[in-house]
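Peer 1: Residues per chain are reported as follows:
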Amino acid sequence: MKNAGIKKQGSPYSDAECEAIILKLQAMLDQDKEVINDQEFMEKVKNCEYCLEQVEIEKSLKELVKDKLKSMMVSANLVQSIREKLHFFKG
Amino acid sequence: MIPEAEALPTITEETKEATDAFFESEMMVHIKPLYHFAYRLTNDEDDANDLVQDTYLKAYRFITSFERGSNAKAWLFRILKNSFINNYRKNTKEPTQIDYEEAEVFLNTGKAVWSDSIDLRDKIFRSLVGDEITNALNSLPVDFKTVIILCDIEEFSYEEIAKITDIPVGTVRSRLHRARKLLKEKLAVYARNMGYAVDNNEDEFENNQDITWGVEKVTKEAE
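So the protein lines, in turn, are chains A and B. Read in order, the letters of the first sequence correspond to residues 1031 to 1121 in the numbering used here. Read in order, the letters of the second sequence correspond to residues 327 to 549 in the numbering used here.
Everything labelled a hint here was simulated from the structure, so no lab data went into it. For clarity, every value in this text was computed on a predicted model and none was experimentally measured. Where hints are given, some of them may not hold.
[Stated by the list, open to error] Simulated DEER-style distance windows between Cβ atoms:
hint: 1; chain 1: B; residue 1: 370; chain 2: A; residue 2: 1074; range: 38 to 48 Å
hint: 2; chain 1: A; residue 1: 1070; chain 2: B; residue 2: 460; range: 35 to 45 Å
hint: 3; chain 1: A; residue 1: 1070; chain 2: B; residue 2: 485; range: 19 to 29 Å
hint: 4; chain 1: B; residue 1: 355; chain 2: A; residue 2: 1080; range: 36 to 46 Å
hint: 5; chain 1: B; residue 1: 492; chain 2: A; residue 2: 1113; range: 22 to 32 Å
Even glycine gets a Cβ: it sits at the ideal position worked out from N, Cα and C.
This is chain B alone, in the form it adopts within the complex (with noise of 0.2 Å):
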């Protein structure tokens, strides 16, 4: 946690010179990978921007509370991740936390069963464009949004993502799961959308219309 202000040690004018070193060479070198982190959770270049530099500011300001040798992306991660929720959450329209109830049903209402070939799929995965991945993302709670560009994207173990998102590892662990299997159903709905059929899987979902991908019967109709 980054302490309050007041209980922080402030930095003198003796140790100015190292932190700003210390702060040059440990903190600036992760402006990348946090700018995406930013953009993602935003989907904004402006609000990313401030976003990055509200994070810096923050850091320097609480540069003392940060333990040398540490992991520091991490620990700017979750400056940001704190930043992002307390000022630019609230004015999104997505809802304060994930409705736990509501993706589980959405999860269980018989829209998830895969049983395509491997390759046909790869074959599917491969043909969606950047656009139709971030729509997709984006379309999922940010809470599963922010642990699947954590884990998939910056490539931060479990543990760092506990530390950064403030939940046990494993939370962190059944969290991807579910994020993954949404993020799933989200594509299987654009890959739909680009005229692969998507036939009904009768021994599971009878006269219904779910998703099924099934093996034999996908054939890409738009060729």
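Isolated chain A (complex conformation) (with noise of 0.2 Å):
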């Protein structure tokens, strides 16, 4: 898969590889308790120092869109609307 997705000039992976290592990186992130409980691979991250510049970039974009997207104003007449509604329903 030529060109398949992020990588790192330099990179000792092939691209397959660092697909497959970076999905697991956000899994990682994510909490994934699969790939946390994956001894094996949490050992491979922390000794390469490629994985650890990709967590950091995986890390940037989920904070990103969490802090950018995160704060919204709700309507003080949704609540209300909803209980109206809710009234009806129950006759």
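Each chain sits in its own coordinate frame; assemble them with the hints.
Peer 2: Structure, rendered in structure tokens:
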């Protein structure tokens, strides 16, 4: 899979390996138990400079999405409207 | 799955009071994250309000199918997601299913090489404002957008996302991966439009216009 995705120049891994590693790094940051419990993979990450850099990249993106999109105002009328409709529904 | 109405036990007068109290304490507390999710899906305040109201009416109607002690928030999100799919998605211009072939072609055409320094990329990330992130997120296929919202904004686990979206955990994992890759591409375009130079990586893509954000090459032209 040529030019498959995120690839750092000088990476010791093939494109396909990069994809698989990055998928697991993302899952690690998402606290996916399957990956966190994969001791072999976690050791590999700790000892791989390239992987640690990728972790920072993925962490930045994740934090960016969360920080920029988290806060939003909820209309005060929404709760009231839901209660009224539920009341009507309940008869 | 929310069972058909006919198969559900009805709420009797004896249980109504307890049901109402349960509904109030366990369900109504999730309005804010539900609204967030609805708004991110619909991109419209009125549609989001309608979707949340519809979700709560369905939740009350089917409350007897909710397993006490299980995750009420995830249950509500699942109802909302299904309502959105059933009632709203057909009215949008978005494809009914992700065209994975198309997405894969886009991702594999050599537009996804990131080789800049971590600090610099973080700086570029931080310079993007909320609107740009929102636009990039909204430009994703709805199934991609959904998993990113559920994971990164609402912080559901993969298992919870799998239940909400009716897909296996492994698919959640791979879909998130594809979604994030596509999102990075969208953000790279915004960054270039902001004035960050994005040069060709000659080692990888000779004579093309692909975005690489080379470490030493990236400079902010706007300044």
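Peer 1: Taking the hints in turn, state whether each one holds.
Peer 2: Status of each hint after checking the structure:
1. B:370 <-> A:1074: 38 to 48 Å: Between residue 370 (chain B) and residue 1074 (chain A), where Cβ atoms are some 45 Å apart, the hint holds.
2. A:1070 <-> B:460: 35 to 45 Å: holds, 39 Å
3. A:1070 <-> B:485: 19 to 29 Å: holds, 22 Å
4. B:355 <-> A:1080: 36 to 46 Å: holds, 44 Å
5. B:492 <-> A:1113: 22 to 32 Å: holds, 30 Å
The structure meets every hint from the earlier list without exception.
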